[in-house]
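Listed in order, the protein sequences are those of chains H and E.
Numbered per our numbering, the first sequence spans residues 1 to 179.
Numbered per our numbering, the second sequence spans residues 180 to 376.
Bear in mind the hints are in silico, worked out from the structure with no lab data behind them.
Quick list of simulated restraints, FRET-style, between CB atoms:
(1) H:A78 / E:L245: 33 to 41 Å
(2) H:G88 / E:T204: 36 to 44 Å
(3) H:A78 / E:E337: 55 to 63 Å
(4) H:A86 / E:A212: 46 to 54 Å
(5) H:S25 / E:G255: 38 to 46 Å
(6) E:T253 / H:P54: 18 to 26 Å
(7) H:A86 / E:R258: 46 to 54 Å
(8) E:K325 / H:A28: 20 to 28 Å
(9) H:R35 / E:E310: 15 to 23 Å
(10) E:R258 / H:G88: 52 to 60 Å
(11) E:D259 / H:S71: 39 to 47 Å
(12) H:G89 / E:D259: 49 to 57 Å
Which residues of chain H face chain E? A partial, calculated answer using Cβ under 7 Å:
(13) L30
(14) A34
(15) M47
Away from chain H, derived, C-beta distances all over 10 Å, residues of chain E:
(16) L273
(17) E303
(18) E304
Ideal Cβ positions, reconstructed from N, Cα and C, are used throughout, including at glycine.
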Amino acid sequence: MNSFARNASSHNSNSDAGREGALGSAEATLRLLARLPAPEGLEDRVMAGLKSAPRSARVLRWPMALQPAGSWMRGAAAAAIVFVVAGGGWGIYSRVQPAQPGRAVTMPPHVGAAGGFSSAGAMRTPETLKGPVLTQPVIAKPVQAKPLPKAPAQIAPAKSGRTEAQGRAIAHPALTAVE
Amino acid sequence: MSTSQAIYAGWMEIPNRAVDELARTQAEDETVAALVSQYAGTLYRVAYSVVRNASDAEDAVQEAFLRVLRHRDTLGEVRDQRVWLIRIVWNVVLDRKRRAKTRPETDDVAELARVLPCGGLSAEEIAAAAEHHAQVLACVNKLPSKEREVLHLSAFEELSSVEIAQVLGITESSVRSRLFRARNLMASLLDHARSQR
Chain H
1 MNSFARNASS HNSNSDAGRE GALGSAEATL RLLARLPAPE GLEDRVMAGL
51 KSAPRSARVL RWPMALQPAG SWMRGAAAAA IVFVVAGGGW GIYSRVQPAQ
101 PGRAVTMPPH VGAAGGFSSA GAMRTPETLK GPVLTQPVIA KPVQAKPLPK
151 APAQIAPAKS GRTEAQGRAI AHPALTAVE
Chain E
180 MSTSQAIYAG WMEIPNRAVD ELARTQAEDE TVAALVSQYA GTLYRVAYSV
230 VRNASDAEDA VQEAFLRVLR HRDTLGEVRD QRVWLIRIVW NVVLDRKRRA
280 KTRPETDDVA ELARVLPCGG LSAEEIAAAA EHHAQVLACV NKLPSKEREV
330 LHLSAFEELS SVEIAQVLGI TESSVRSRLF RARNLMASLL DHARSQR
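Kindly produce the complete structure, drawing on both the sequences and the hints.
Encoded structure:
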């Protein structure tokens, strides 16, 4: 064995001994703690505490005088309790009429879920329809207002030379008035 | 008619059931009192080794016996009353320690010097011993809880590894492996502490 190995082994054995010694002293400390004597009068104080502690609940007993007659009295008491409860329930049932269910169902106002997006007060407006567009100006003779046809299906078809849009414009009384 | 005459007449009798229950309650109270006088000291030491505070340890013992009183109906079913009681006080102490983190353990050197016995030592030696004890306890506090519990209970000479296993609700082999790990960890912690000085 060379000197380095000897030194290393002696160092290891020293450190092992030191570790064991430290461990032994630590265990001695714990043993000292574990062997500490209890304080004086501990048992008396514990017993006094136990005597003052509330006892667990016990079942109430019938008085001694009622013991021999206990069987029929218990039955009578139970029957009286059942009678009172059942009578009270029947009285309430016979007086109170069940409410008629409403026919209209009112929907609760829509409340956005917490954390959801809000509309920020914006209102939706539907797109308006565009009116018919005339491709060429119409120079028409003043036309006398005619009474409205009875049925829109009986409108006469547009004459040749006029577009369909022009025909619709003439047929519509409002447009006719503008012209 | 006097009371005794009424009893003998038969219409005012004391039922046997009430007498039996009274006797049973008295017997249970006597059993609890015997347990207190026999094991209060042991339970106190177990509690003190964890909380390291005299009043807390005494409170823990009180609470443990209150639990015993609450379950005194089952006293007859307990096989080893000593281990059963230690297990109760152990649980009480761990509960309290978990609940009240505000009150620190007594790691004060002066308090340890006062509590731990140092007979026949000079004042300087007592101070040095107290400092050493405080250092050891600080290292114990750094251990993981499982290893620390086993190390605490192993310091009690009256508890075998089987009984420690019963108190902690684990197997005996687990106790041994945890104790081995605890000793190794303690040795390295103490080494580290010594090298820092």
